[in-house]
Each structure stands twice: as structure tokens, then as C-alpha cells.
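If you read the sequences in order, they're chains L and V.
Residue 2 in my numbering sits at position 2 of the first sequence, and the numbers go up by one each step.
Residue 226 in my numbering sits at position 226 of the second sequence, and the numbers go up by one each step.
To be clear, the hints were calculated from the coordinates, so they are not data collected in a lab.
Just so you know, these numbers come straight off a predicted model, no measurement behind them.
Treat the hints loosely; a few may be bogus.
Some chain L residues near chain V, calculated using beta-carbon distances under 10 angstroms [unchecked claim]: (1) 28; (2) 33; (3) 34; (4) 38; (5) 46; (6) 65; (7) 66; (8) 71; (9) 72; (10) 75; (11) 86; (12) 98; (13) 115; (14) 116; (15) 117; (16) 118.
Using N, Cα and C, we set each Cβ at its ideal position, and we do this for glycine too.
The chain contents come next:
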Amino acid sequence: MTATALKKEMDMVDVQNSQAWQKVCSKADLVEFSGVAAWLETTEGPAQVAIFYLPGKGDELYALDHFDPFSNANVIARGIVGDIKGAAVVASPIYKQHFRLDDGQCLEDEEVKLRTWKIAFKGDEVWIEG
Amino acid sequence: MSTKSMSTQNTTTPEQLIIIGNGMVGHHLVEQLVDNGGLEHYQVTVFGEERHRAYDRVHLSEYFSGRDAESLALCDADYYATSGVELRSGESVIEIDRTTHEVITDQGRYHYDRLVLATGSFPFVPPIPGNDRDGCLVYRTLDDLDAIQAAAENATNGVVVGGGLLGLEAANALRGLNLDTAVVEFASRLMPMQVDSEGGELLREKIESLGVQVLTERATQRIEDGDNSLHRMVFQDEKVLETDLIVFSAGIRPRDQLARACGLEIGERGGIVVDDQCQTSDPAILAIGEVALWNQSIFGLVAPGYQMAKAAFSTLTGGDTHFGGADMSTKLKLLGVDVGSIGDAHGNQNPGARMFRYLDPIKQEYRKLVVSSDGKKLLGAMMVGNNSVYDTLLQYYSNGIELPDESASLILPQSSGGAPILGPGALPETAMICSCHNVTKGDICGTIDAGAVDLGGVKSATKASTGCGGCTALLKSVVDHELEARGVEVDKSICEHFAHTRQELYDIVRVEGIKTFTDLIEKHGNADTHRLGCDICKPAVASILASCFNEPITDAAHIPLQDTNDTFMANIQKNGTYSVVPRVAGGEITPDKLIALGEVAKKYDLYSKVTGGQRIDLFGARLEDLPDIWSELIAAGFETGHAYGKSLRTVKSCVGSTWCRYGVQDSVGMAIWLENRYKGLRSPHKIKFGVSGCTRECAEAQSKDIGIIATENGWNLYVCGNGGMRPRHAELFATDLDDEQLYRTIDRFLMFYVRTADRLQRTSVWRENLDGGLDYLKEVILEDSLGINEELDRQMQTVVDTYQCEWADAISDPEKLKRFRSFVNDDRPDPSIIMTSERGQLRPA
Chain L
1 MTATALKKEM DMVDVQNSQA WQKVCSKADL VEFSGVAAWL ETTEGPAQVA
51 IFYLPGKGDE LYALDHFDPF SNANVIARGI VGDIKGAAVV ASPIYKQHFR
101 LDDGQCLEDE EVKLRTWKIA FKGDEVWIEG
Chain V
1 MSTKSMSTQN TTTPEQLIII GNGMVGHHLV EQLVDNGGLE HYQVTVFGEE
51 RHRAYDRVHL SEYFSGRDAE SLALCDADYY ATSGVELRSG ESVIEIDRTT
101 HEVITDQGRY HYDRLVLATG SFPFVPPIPG NDRDGCLVYR TLDDLDAIQA
151 AAENATNGVV VGGGLLGLEA ANALRGLNLD TAVVEFASRL MPMQVDSEGG
201 ELLREKIESL GVQVLTERAT QRIEDGDNSL HRMVFQDEKV LETDLIVFSA
251 GIRPRDQLAR ACGLEIGERG GIVVDDQCQT SDPAILAIGE VALWNQSIFG
301 LVAPGYQMAK AAFSTLTGGD THFGGADMST KLKLLGVDVG SIGDAHGNQN
351 PGARMFRYLD PIKQEYRKLV VSSDGKKLLG AMMVGNNSVY DTLLQYYSNG
401 IELPDESASL ILPQSSGGAP ILGPGALPET AMICSCHNVT KGDICGTIDA
451 GAVDLGGVKS ATKASTGCGG CTALLKSVVD HELEARGVEV DKSICEHFAH
501 TRQELYDIVR VEGIKTFTDL IEKHGNADTH RLGCDICKPA VASILASCFN
551 EPITDAAHIP LQDTNDTFMA NIQKNGTYSV VPRVAGGEIT PDKLIALGEV
601 AKKYDLYSKV TGGQRIDLFG ARLEDLPDIW SELIAAGFET GHAYGKSLRT
651 VKSCVGSTWC RYGVQDSVGM AIWLENRYKG LRSPHKIKFG VSGCTRECAE
701 AQSKDIGIIA TENGWNLYVC GNGGMRPRHA ELFATDLDDE QLYRTIDRFL
751 MFYVRTADRL QRTSVWRENL DGGLDYLKEV ILEDSLGINE ELDRQMQTVV
801 DTYQCEWADA ISDPEKLKRF RSFVNDDRPD PSIIMTSERG QLRPA
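The shape of chain L in the complex, shown without the other chains (with noise of 0.2 angstroms):
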């Protein structure tokens, strides 16, 4: 495991610009075309992002709320990925609920939208924006 390494690459992270991007990790921690969650700590608070990586697709990169309003259950991240209707999508393990990779928004309800956050490449490493 490199979850120690990890720790210490995240306590690097300059902190007091934490509205501005911050390194989550590598291309290494990703899984092609399914998702990982990660910790966040933000100015609201703490928050848990699922990262979804589907590479020669699209933005490749996605994060939206770990959380699953059905279920309220901190899960999205081990959902199926895949495309309906034209878009990428994952669907929560637990009740199989579809999300939008691109604005988190429920097919089943439209009014449940999971949040998301902008996330790219810097190299090989990973960065979000929150």
C-alpha cells in the first residue's frame, strides 16, 4: 500500500489556497473506466469525491459527490459506468440509480443532482478545483 506516501504528498498541499486546485493524487490510483473516492478538505468542509477516469473518452476526468441521495450512503464511486441516452453516466451500487459524469444530474428524478467538481491532469497527477 501507498496510502502513507499518500498522506505526506497531502499534507504538501498548500492549504490556506484551498478555493483554488488541489493534487488528490496520481494517474496511478485511478481505475480505468470505473471510480475511486477521495478525501477533500474544503473551506466548507470536508468532502467525499468520486473520480471517475475513462480515458480516450470525452474530459476523461469526472468528480461528483461520493454520496448516494437514495441511499445515503458514501458509495457513487463503486458504481457501473457506462453511456445512456447519449451520456456518460454511473449508476449507484445500491438501488442503480443513474448520475451524469458531466453535471451530476439523476435520470430517474430530476430533482436530485449530485454536485461535481472541475478535475484534471497535471501530469500524472491528479487535481481538483474546491
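Model the placement of chain V on the given structure of chain L, informed by the hints.
Below, chain V alone, put in the same frame as chain L:
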């Protein structure tokens, strides 16, 4: 709202309609009233004497093979209430007062404007001295069946008096209760109404070969105390038969007592006389179903009863639908033996009729054709042992279709030049497809033209094949034919990414040797998607790839396809934690392993529960703890239990001959062996086995996908059972197999299921949707009718040979373990998972 003595002076009050009887026909009338605006005219009250609301009496015998009162019910529990019809179950009517227009029950008096008697019939019990002894029962209602079941518990043998249709059904029920069964018939053959002496003889042979004793030309003189059993039946020649249980099934009689008592016209041999409008001698009163006597005939089948209900509805609402008699043609499967009878099956109602007969004593099939003197029209037919020509012959008969020149060919076997089955295209628009619900081919075409796109749509629009179900196959072929004729291509695509069924994808993967989802979707996916797949096709393809090649599901190419349970090889729970179930093959576990399980559970604070599959489920495991938990379990000798996969789960077993004084085989040994053989097999849905060491069936094997019950000579194999939401008794597939025959048969059965089932289709549903049913399955698996058995064997051997414990594979691979982190950038556990304590263990708060 009570209708008690309600005044009808107020003209805005609808008229009071009372229906006495809540059987199939009475219920059908209610449905007519509800569906066709009858409730605008009438406030309807229904009296049912039984506790249960209307149920399917045609399939009553299935009560003993797993169906309960609820699943036999003809409507949902709230149907009457939501429809606005008052159903008074368990309330017996004791009198009808025609002068005051009142129905009197033990609970009150109810006014009626119109009254319908649908009281049905009762089983005739011959006036034999001793016929009222304890354990002398009838076979008519669910309560009767409960009584038979209760009496059978202390019985080893049983006798059915009456060898007609219902008698043989009752015999089947007794056999199903593991009683040595005999049928006693007064006439010289079984089913004297439906078959002739040759057919009767064949029927007797077939039924005797099932272990049911058949005694014909026996008139019971008296029933008295037995020496070895509870009763002794004494026959006309003073011969005797001892038995613990007697079921009378010697015909039915109309329940016309209420009508007699209030002075309605009754037939000489019973039955309320009705006209074409189903009206009795009192214009305010109608009668329908088995209590009604029309043109000197009682109709003891459900289809004519339904037609009477329709005629009665028409009479009540001012329509002009009449009852004009009914065709009594019928096809049955009694004790697994096909019996069919069409029209004038005996050929004794049409002078000059000619007859053809075909008898195959080896295959035990008998068919008889009664044709008009000019050979052009079919007047009747009879079949025993094989009903495959019934549908075709019925169409010739009921539509007056001219017979082919060599009409005898209709009853010859296909292989010797028998005439081809009359295809659905050859049927006229007027052809009656479903006689229960009066649905013609024209009606079916009409619903298709009105937008029905599949069998389900046609069924719900017309109700066809929802009565006795006898027309199911014919209906499907007509619907398929008509859809095809209209160029309708039924979309069976698995999802928007593939224009293929699961079965087609399976074939593509196997034939082209495609080993990854990416390859499959690039070559065969729909181009107008992003080709990412979705949560429907990805797990389905993952399962297919695993069934074919058995590569670890956590390999990089396969991991994005898996549901979270397969991804983390544990079962996700509602708070995002997982449960862990190590394999405990056959439910056998050493004390050391039990201690090891306990130690792991204690160390990681896991809620522990024993499962129905005889193993131990450890709940509340955090994602990041799973690898450590499994390292410890593997060190203690455990391997993964696949509780998270659509794959073999458990092989449940009873303790068997090793310990049990009744056991005849080592059920635990066999269960462990089988579980180890099939562990890791990925399939369309989960698979459960059960192995019982004797017929007491303590492992409940008949509720499993694969059920195995030990016999003195080996193993009986049952297939396609299910517990859960839709329970289904497994069906006997093969008997007295030795060990090798047993696993070979299971190999082929499972691989054929893996190959052909839909995604998430359990064996029970797969079996119910399989064209040709159990017989077809037997031909494929036991007789190799498709010539694929060698291939199925090979495929299964591949799966068996390539098995590896997925958890052992994962914990030896640091790349795979990276996935088991709550956060990729922080090693804290998910702080939002909160547990609380209950009964000494943790549970989600």
C-alpha cells in the same frame, strides 16, 4: 357499506345484484361486471361460502406441489374492495325468499333485485355404509386438500374411489403425499367418459407403471375397520382392500338445494333449469356454471361456465349474448399422462361415422379419429399418451376445416409420414383459440392491429390463455405468426449497446473467442452509443466471459464490468459496508474453522448471522478491512464463497446416512463434492443446490435450482425449483442415477442453462419460458437431441479445471488491493459509517 334490507324506492339508487357463489364462474361474472360497466347498473354483493376468495380450481392439484392459496387466487386481495364489489367470504346463504326478494344468511337478510346462483357443484359420495368414517374425504376445495394433507401425515396408503378425471387428479395428489395409492373404479376402465376400452387399457398400463394400483369393475359394498390399516373396503365379491385414507371422487352433483327450496324449476337429475339467457323459471334469478342445467346438460368444465357468465352479464345489462351450449373437448395431463378428447370421441353420436385408430404399444400412445361418412369432416378424436396433435385436430373439428385426403395421417407419427401440424396461418379468423375466454384468431389479430406488440400484450388485452392455460402453445404460435406476418420484429436487445439477446452475445463470445468487453462492443456494439456499455450489459458480458474463459473477475480488463459486489468480492449493505461469506461446502465445518471465523468476526467487529444456505455471514466489514479479513480467513483454510456473484452459492445438505437413522446415502459427502465441482461457475443468475439423504427431504432440495434426493439405488435429480419471492417446486428430471451419471447430468444441465438463459433469469423462470418445457429439456440433456452434450461436458470441465479462489488471487496482487481503499488519498475509514449495538452485536445506526 352494507346492503342489508336496503330500500330501492329511491330511483337514483342502483339495483341490488346478489351473486351467490365465489368460484371461478361467479368470479368471472364479477369481472364482466367490473370491466364492462355493469357496476353502473348494479350494486353488487357476492356471497362466498369458503374462507378464500375465488381461486383456480383447475390447477388445484398444484396446491400439493408448492402453490398456495394466494398464488391460486384469481385476483389480488384488494380486487373486490377497489372495484366496489362487496365480497362476503365465509358467509353461507341458507335461504332465498322469492316473495320478499331477500337472501337470508346466518348473519342477516339482504334485498336483491336480481340474483345469480353460481353455487357450483359438490362431490358425489356414493351411499356406502361407512362412507362417513374419519379419513373418508373428498377432493374439491382448498379446505378439502388441507384435510387430505392432514390425514396423509399418519397414513402410508390411500385409495381414490372414482377413476374419472378428478379421481386421477386426486390419485396424483395422494401420490405426491408419498402414499401408496390405488384407484377404484366402478366401470370397466379408467376415464370411461373420455376414452374407449383400448385407450382405457393403455391409460391403465401407464398409470400402473407409476406405481398406482388400478382396480376396475369394483363396487364398494361397505367400509369398516381394517386390520393393518384404518379402513377396510369390502367389494361386491367380498374381496377387500385396506387403506388409511379414502378420497371419494365419483362425480359431481349440482348444488341446487337453495333453488329447490325456493321452488325454482329443477331438472330430473338435479340442476337449475336455465334458458339461453341463463334465466331460471323466476325471471329475477339467473343461474350459471355447474349448477345450471341447459338443454338437459350440466357443463362441468370452466370454459362453458365462463360463457354462461358472459351470457348472464348480457342478460343483466340488456345485451343479446346467448349461451348456446359448449364444446366439451378437453386435453389433460393426468399423473403425467396425456389424455385428450374432442367432440364425439366415441363415435356413437353420429351414425355412419368412420373411425381410424393408431396404437403404439411400445411408446404407449393411442389415437382415434372419428370422421364423417364422406371422410371430409372431423367429428371427434381421442388420444392417450400423447396430446401433440390435439391443437391441430381441435381446429379441424371446431372450425369445420376440410380434412386432407389421407386423414388417417393426422394421427400417425410424424416420422412415418404423418400430416404436418396445422400451422397458425391455415386457421380461419373465426378459429377459437381460447375457449375459456372466447378469444378467436380474429380477436388476436385485432389486438395486434390495435397496437399489441408481443404475447404479453395480447394476453392482457384478450385474457387468452389465462383460464385453463390449455391454449398457451397455440396462442404463442398464432401471435408469433401474426407479428411476423406484419413484419414486426420483436426487440429482444439486452440494452441500447447491443442489438443482441444474452444468448446471442454468449454465442458470439464463444464462436469468435472474444475475451474482453472492449473487443465485444467494438465489434458488435451499436455504433450510435459511446460504447461505454452500461450497468445492464456490462455485468451480463462479464458473466458470459467468466462462464466461457473463467479468468479472474478482478483482472484489469474485467473489473470495470462488475457490479460492486463482484468488484469487492463481498456483498454491499445499505450503509456502504460489506458482508463476507466464506465457503462452507455442504454446511460442514470443523470446530477449528468455526473458531477461526469467530475470531475474525470478533477482531473486526462483524455482526454474525447463520444463513439459509448453511454458512455464516459476517456483516459490517469496511471496504479497507476486506483484504486483511480475507488474509486471515485464507490462512485459516477458507476460500471465497461467491455469495456476491451470480454463480453457484451453496449446496445445502442434511446429515445423511453417516448419522441419520433414516438416511440411505451420504448426502453431506455428495454435497461437498458437488459444491467443490461447481464453485466459481458464473451463470445468468445465482444457483443453489440441495442434497437430501432420503425422501424425508430435510435439505429442502426441491426448492433449489438443483435438488438431489437419495434413493436406495442412487440419486433422484430435480431441477428448476426456487424458494424466495416466487416459490416453485423443482421437477423430477432423472431417477436412480449413480454418482457419475448424476454429475454428468448436472454438468450438462447447468451449461445449457448458462448458454441459453436470459440475464438475471433463475432456472425456474428459464424453465417456464423454455419452449417445449421439461420434455424438451430432457431430450436435450438426457438424449442429446441437439448433439451438444460433448461440448457442454468440455465447457464445464474447463470451468472446473480453471477454478481459483478469487480472494487468494486478489490478496497476492498489490495492484488489485489498491482498489480496497475508502479514499485514494487518505487512509481514514469513511467517518459517516456509524454503528450502534443491538443484542450484543453491531448494526448500522
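- Item | Hints not upheld, ascending by number | 6, 13, 14, 15 and 16
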